[in-house]
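*Asks:* The working numbering puts the first residue of the sequence shown at 485, with every later residue one more than the last.
Calculated directly from the structure, the hints in this document are not laboratory data.
Keep in mind the model is a prediction, meaning the values are calculated, not measured.
Check before you lean on any hint, since a few could be wrong.
[What the hints assert, rightly or not] If you anchor each label on the Cβ, the simulated ranges turn out as follows:
no., residue 1, residue 2, range
1, G602, P680, 37 to 47 Å
2, R631, A544, 41 to 51 Å
3, H699, A553, 16 to 26 Å
4, A548, G612, 36 to 46 Å
5, A552, T681, 20 to 30 Å
6, S618, A553, 21 to 31 Å
7, D569, D652, 46 to 56 Å
The beta-carbon is built from N, C-alpha and C at its ideal position, and this holds for glycine as well.
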Amino acid sequence: MLSAAASVDGFLDDTSPVRLLLSNDADFDRVDQLRAEADAIMVGAETIRTDNPRLTVKSAQRQAERVAAGQPPNPLKVTVTRSGDLDPEAKVWHHGVEQTPVVYAPEAGAVLAGARLGGLADVVALPGSRIEFSAILDDLGARGVKRLMVEGGSQVIAGFLAGGLVDDLLLAIGPTLVGDAGAPRFARPARYPGGPTRRMRLVDVTAIGDVALLHYRPKEDS
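Working from the sequences, and respecting the hints, build out all of it.
*Replies:* In structure tokens:
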């Protein structure tokens, strides 16, 4: 499941040092519910560097419900990095880590990530110099992950969509215009299955206050 929020003109953020909040409180609560239902949450290393997220379930009630169901309070945290340049002081390694976070990187990046993070994460070296998201899904499946929530950023989003690996795309459109050419887009340029003429199946459109939530099934044609 891929979950993201974008502006009307297709940006994930602006270029200011403060994260741009595109959603509203009700939509943030919806995302918290999705996190509570997931076995693992994945973001790219750039998201960790720019947003410094905790990637936790915020609701104490939802955490308690997970525990009652025999799960840890928070999903497994997963990230991917090419360079291995990850800050050991980032919040993701120190909040809600009942399960050791997993880092995937090509061989060279894995060496640096392992050296920087030490025992803070389980660093998995991917063969070669590329990040193969299908191989990552296979490894996560072997770890017992059945439902993965992918939260970005744009390079990770593009990788999953280009690989035809997304079952559900939940895209929240915030009522703002960013208009900054240097800001990150929803997804980076890539060769997407079927090209620009292929139409994904739209499952639902929901108004959440001033936010429009679009639910697509990328593997299905309209």
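*Asks:* Taking the hints in turn, state whether each one holds.
*Replies:* Tested hints:
1. For the pair G602 and P680, the supplied restraint of 37 to 47 Å holds, since their beta-carbon distance comes to about 45 Å.
2. A C-beta distance of roughly 21 Å is found between R631 and A544, which places it outside the suggested range of 41 to 51 Å.
3. Judged by the Cβ atoms, the range 16 to 26 Å given for H699 and A553 holds: they are separated by roughly 25 Å.
4. At about 43 Å, the CB distance of A548 to G612 agrees with the hint of 36 to 46 Å.
5. Checked against the hint of 20 to 30 Å, the C-beta distance between A552 and T681 comes to roughly 48 Å, which is inconsistent with it.
6. S618 and A553 have their C-beta atoms about 29 Å apart, which keeps the hinted 21 to 31 Å range intact.
7. Checked against the given bound of 46 to 56 Å, the beta carbons of D569 and D652, roughly 31 Å apart, lie outside it.
Taken one by one, the earlier hints fail for this structure at numbers 2, 5, 7, listed in ascending order.
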